[in-house]
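*Asks:* Chain order of the listed sequences is P and W. Residue numbering for the first sequence follows our numbering, beginning at 1 and increasing consecutively. Residue numbering for the second sequence follows our numbering, beginning at 1 and increasing consecutively.
In case anyone wonders, no lab produced these hints; they're calculated from the structure. From a predicted model like this one, the values you see are computed outputs, not experimental measurements. Careful, some of the hints might be misleading.
So, partial list: chain P residues that the calculated Cβ filter (under 10 angstroms) puts toward chain W [unchecked claim]:
| id | residue |
| --- | --- |
| 1 | Pro5 |
| 2 | Leu38 |
| 3 | Thr71 |
| 4 | Asp74 |
| 5 | Cys76 |
| 6 | Ala85 |
| 7 | Leu98 |
So the derived label-pair ranges between C-beta atoms look like this [what the hints assert, rightly or not]:
| id | chain 1 | residue 1 | chain 2 | residue 2 | range |
| --- | --- | --- | --- | --- | --- |
| 8 | W | Phe37 | P | Thr71 | 38 to 44 angstroms |
| 9 | W | Asp527 | P | Glu17 | 50 to 56 angstroms |
| 10 | W | Met81 | P | Cys6 | 32 to 38 angstroms |
Calculated lysine to aspartate or glutamate pairs in the EDC-like style (CA-CA distance at most 20 angstroms, straight line) [unchecked claim]:
| id | chain 1 | residue 1 | chain 2 | residue 2 |
| --- | --- | --- | --- | --- |
| 11 | W | Lys30 | P | Glu82 |
| 12 | W | Lys30 | P | Glu130 |
| 13 | W | Lys558 | W | Glu436 |
| 14 | W | Lys518 | W | Glu8 |
| 15 | P | Lys89 | W | Glu119 |
| 16 | W | Lys282 | W | Asp253 |
| 17 | P | Lys67 | W | Glu119 |
| 18 | W | Lys30 | P | Asp24 |
| 19 | W | Lys30 | P | Glu128 |
| 20 | P | Lys67 | P | Asp30 |
| 21 | W | Lys315 | W | Glu407 |
| 22 | W | Lys315 | W | Glu480 |
We treat Cβ as the ideally placed atom computed from N, Cα and C, and that holds for glycine.
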Amino acid sequence: MSRPPCRTLRLVVNGQERQAEVRDNTLLLDLLREGFGLWGAREGCGVGACGSCTVLVDGHPISSCLKLAATLPDGCVITTVEGLAAGEKLDLVQEAFLEAGAFQCAFCTPGMLLAVKALLAANPRPTEEEARAYLNGNYCRCGAHPEILQAVRALAERGA
Amino acid sequence: MDPREAIEWNVVGHDVRRLDGPSKIRGEFKYLADMDFPGALRLVLVRSIYPHARLLRVRTEAAKACPGVAAVLTGDDLLAMKGVLPCFGPAFRDQPILAFGKVRYAGEPIAAVAAESLEAAEAAAALVEADYEELPYVQDPVKAAQSGAPVVNEAIEPAGAFADLKALKGIPGSNICTHYKLRRGDADRALAEAEKVFEDTFVCPPVSHAHLEPHGTAAWFEPSGRLIVHTTTQSPSFVRQELSVVFGLSLSDVRVVVPPLGGSYGGKIYCKLEPVVCLMAKATKRPVRCHLTREEVFLTTSRHGAVTRIWTGVKGGRITARRVEVYYDTGAYAEVGPRIAQKTGSTAPGPYKFPNVRVDSYCVYTNKTPAGPLRGFGVPQLSIAYETHMDMAASYLGRDPVDLRREYALEEGDFYATGAPMTSIGLKPSLNAVAEAMGWPAGGRVPPEKERAGRLARGRGVALGIKAVLSPSISNAAVELSSDGSALVRCSTVEMGQGATTILAQIAAEELGLSFGKVRVLLPDTDHTPYDTLSAGSRSTYHMGNAVVLAARQVREKLFETAAEVLEVPPDGLAVRRERVFVRAFPERRMSITEVFIRRFGAPGTTLSGEGTFSSQVDKADPETGQTPRMTEHWFAGATGVEVEVDTETGFVRVARLVCAADVGRAINPRHCMEQIQGAAILTTGLTLFEEMRFEDGRLTNGTFLEYPLPAFRDLPGEIVSRVVEHPVETGPYGARGVGETGTLSLMPAILNALYDALGVWIRQVPVTPERVLRAIREAEGAGRPLGVRA
């Protein structure tokens with residue numbers, strides 16, 4: 001049943017300072033969606049296997065469907081798909097996805113974009129093998145993998 | 001369509017970017033679960049724990065007493081509701097909105113709880129209890145088809161929703177809900193007289209569509225009595241029709257709105273959650289929404305498992321007969337299984353010229369998750385049999401597998417085993433494209449020496465597949481051109497990632513002489529978009545494409561009517577390009593679309609509209625022989641080639657190279673075609689190598705993504721090559737046909753053929769898990785045959 005809030009959480013979400021009262025069982029995914037109205041992270045499996053709920057916490061990709069919001073440190077920096085573009089200007093990863101046609105139904109795309117963003121931050125010029133290994137936790141049922149890898153290749157070539 | 005016009009196409013045939021690309025890439029794109037439905041109750045389902053049991057009593061008192069609970073409904077409540085039909089289904093009206101009397105699979109909804117929050121609904125649902133009396137259950141489709149098996153559905157009645165399914169009847173008192181027969185020549189006699197008969201049984205398990213977006217529905221009744229439904233479906237027009245029947249409403253009083261889907265592949269077709277959500281909306285007089293969890297998706301629908309027995313007779317160096325007996329496991333409710341058994345059953349002999357053919361295709365109820373179509377409509381469960389048998393026959397006859405297929409492959413002008421002429425089939429061109437991309441030596445034999453690298457065994461295989469386009473079916477479209485040269489297409493084609501809206505916009509832009517960016521395509525909303533049979537079976541490009549062409553041409557005629565007066569030429573002397581109407585013979589004599597509108601209406605902001613209807617036809621087949629002069633409007637033909645590596649120590653199979661070719665008729669958007677072909681092939685790679693819904697003690701045991709993995713980046717073939725083959729369909733828009741499923745048709749048998757090439761053993765069951773491969777290797781070794789040497 002409904003539990004009382006257990007703490008006040010202070011976060012930086014997509015560059016904005018946010019505050020939220022969270023319960024001990026509030027998932028980060030639900031906080032982002034229901035609390036902050038950021039609908040880009042989505043639940044595909046609820047067990048951290050599909051990657052549709054991937055967001056970046058201090059630059060690291062995590063499954064927000066498994067993350068209890070109350071366990072986040074105050075002041076941590078969260079990036080969702082809504083935080084990638086700067087106004088009209090798309091992020092390089094978004095541009096590369098558009099250019100390569102790296103999505104079909106796009107349910108996985110927000111998570112995929114953030115996973116690629118994190119991959120390139122950790123390894124700006126990944127080999128094909130490295131890219132496949134890093135992105136293995138993000139499912140795409142439409143089978144847009146070849147185009148996603150093409151986008152990664154294009155980004156790697158420019159050392160993005 | 002005059003082929004010379006091809007070079008003049010401005011939008012069709014070009015790789016324009018997806019219409020929905022910018023919003024998808026920004027994450028602004030809203031799926032149903034991201035939408036706000038103010039005041040909506042959350043609905044949670046309570047499900048049966050037994051595969052087959054009498055449902056004696058469902059106790060809901062404790063749940064009803066929970067805080068925030070608005071209502072709890074059971075099958076008894078359903079039966080007591082006036083004016084509501086308790087069951088639904090596209091082929092048979094066999095599926096209860098909530099179980100009553102008995103449950104037919106573990107996971108079947110027995111109660112629905114609606115509460116002010118999801119948390120409250122879940123807490124209350126946990127308190128619903130039921131008394132059952134267990135019944136013997138059956139899950140093997142072959143056993144289920146035998147007399148004496150527990151009967152899943154005692155009485156079934158045709159739903160009458162589709163013209164081709166109106167005359168359906170099962171075998172009373174049995175689990176067989178459809179038996180399709182095809183007879184040509186005398187297969188039994190030819191097999192008896194053959195010098196060699198191959199006889200095998202192939203097994204495909206049920207699998208999950210696994211669209212990443214789970215099913216969802218939101219619905220409410222307006223005070224006027226109108227029913228409004230927002231839902232994740234591929235078939236808005238069908239859902240509207242079905243809900244109007246179930247709830248006794250006129251069609252105009254049901255409005256179905258479909259947002260873009262996060263994948264579907266056949267999993268969100270006909271009715272799924274809609275009836276129960278609408279039932280709750282009726283009972284509570286509140287908006288109600290329901291979104292399934294992943295675990296529940298596994299309990300809602302699946303792809304038919306199948307057992308396929310096949311016989312191939314060879315005599316005098318020729319293949320003389322082919323007999324197939326297939327059991328499609330449709331689970332507890334038929335959904336569209338009967339149509340799969342009929343339409344796809346007709347393709348069971350394979351796309352070849354065989355003189356003697358016999359097919360018996362059964363759709364069988366079992367106590368499992370209901371099954372439906374998954375990208376390929378039952379063809380892969382058959383091609384796995386008929387294409388491995390082609391390689392067996394090739395091996396026996398000492399023929400090259402590609403060469404043998406070239407000899408027997410059906411071509412334009414041939415007659416199918418049903419007696420129907422083959423029209424516009426690009427089968428051989430697809431095979432040739434694959435053979436060429438694989439470097440398959442022309443007319444050459446596969447080299448007898450197997451390439452081995454340590455414990456890796458390598459092999460390669462090819463396979464073909466065909467599928468008939470869903471006929472009869474109907475598409476309506478309306479096109480509206482505005483005075484500023486922008487246009488709107490109204491149609492009920494669902495955008496589920498396949499890119500249909502982009503393709504339809506390209507077609508409208510081409511016909512109206514607009515640049516691509518000037519056309520918008522409305523998403524399905526039955527208050528604003530006209531009837532369409534459904535978005536499935538690779539039918540939209542062809543059917544809706546044609547409807548859009550017709551609607552746009554009506555608009556163009558009106559445009560030319562006015563322009564002809566001004567430019568002083570007959571309307572047929574005009575053309576329109578880049579928002580300008582001009583005289584064909586004197587292109588400099590022209591006027592802008594806006595000028596035409598001003599001339600016609602005397603005012604800006606005005607519109608011209610047109611309508612188009614396109615329907616495909618078939619002739620009824622003889623029920624005893626399947627013979628018919630016309631069985632489908634056209635065919636989808638595809639070919640696949642693979643190179644595999646098998647680790648003979650672990651049994652692990654890796655697809656090193658995948659070549660897939662599909663005949664698209666004419667590529668409206670070549671890049672989209674490639675994406676569809678590859679995507680279909682990648683999905684099928686998972687189904688071939690590891691996906692399988694496993695049942696123990698009558699229950700699904702791996703219904704989560706932890707235990708049911710999908711193909712991910714590291715499972716992809718090392719290299720993927722796709723070939724868009726263009727063998728135009730005379731009746732298609734610009735010669736185009738659909739392409740969504742073609743990449744799935746032949747991949748499974750191509751891998752099995754490659755495994756034989758690598759190991760010298762036949763594997764007759766998918767998925768080809770390492771365990772199964774190792775067992776096959778051990779069996780071959782036990783028979784004293786070194787690996788890689790064929791029997």
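*Asks:* Please verify whether W:Lys282 and W:Asp253 have alpha carbons no more than 20 angstroms apart.
*Replies:* Given pair W:Lys282, W:Asp253 holds - Cα atoms ~14 angstroms apart, limit 20 angstroms.
*Asks:* Hey, P:Lys89 versus W:Glu119, does the alpha-carbon distance stay inside 20 angstroms?
*Replies:* violated (39 angstroms)
*Asks:* Taking only the CA atoms, is the gap from P:Lys67 to W:Glu119 under or equal to 20 angstroms?
*Replies:* The hint holds at about 18 angstroms.
*Asks:* Tell me if the straight-line CA distance from W:Lys558 to W:Glu436 falls inside 20 angstroms.
*Replies:* violated (48 angstroms)
*Asks:* Compare the distance between the alpha carbons of W:Lys30 and P:Glu130 with 20 angstroms, and conclude whether the hinted pair is satisfied.
*Replies:* violated (32 angstroms)
*Asks:* Given a cut of 10 angstroms on the nearest C-beta pair, is the interface hint for P:Thr71 held or broken against chain W?
*Replies:* violated (20 angstroms)
*Asks:* Can we keep the P:Pro5 interface hint, with Cβ of chain W closer than 10 angstroms?
*Replies:* Violated, about 14 angstroms.
*Asks:* Could you check the hint for me, namely that W:Met81 and P:Cys6 are 32 to 38 angstroms apart, CB to CB?
*Replies:* violated (43 angstroms)
*Asks:* Taking only the CA atoms, is the gap from W:Lys518 to W:Glu8 under or equal to 20 angstroms?
*Replies:* holds (19 angstroms)
*Asks:* Would you check whether P:Asp74 satisfies its interface hint, that is, whether its CB is within less than 10 angstroms of any CB in chain W?
*Replies:* Not OK, violated: P:Asp74 not within 10 angstroms of chain W, min 26 angstroms.
*Asks:* Is the hint on P:Cys76 kept, meaning its closest Cβ partner in chain W is under 10 angstroms away?
*Replies:* Result: violated, 20 angstroms to nearest chain W Cβ.
*Asks:* Check the following: the C-beta atoms of W:Phe37 and P:Thr71 are separated by a distance inside 38 to 44 angstroms.
*Replies:* violated (31 angstroms)
Checked against the numbered hints listed earlier, the structure breaks hints 1, 3, 4, 5, 8, 9, 10, 12, 13, 15, 18, 19 and 22; every other hint is satisfied.
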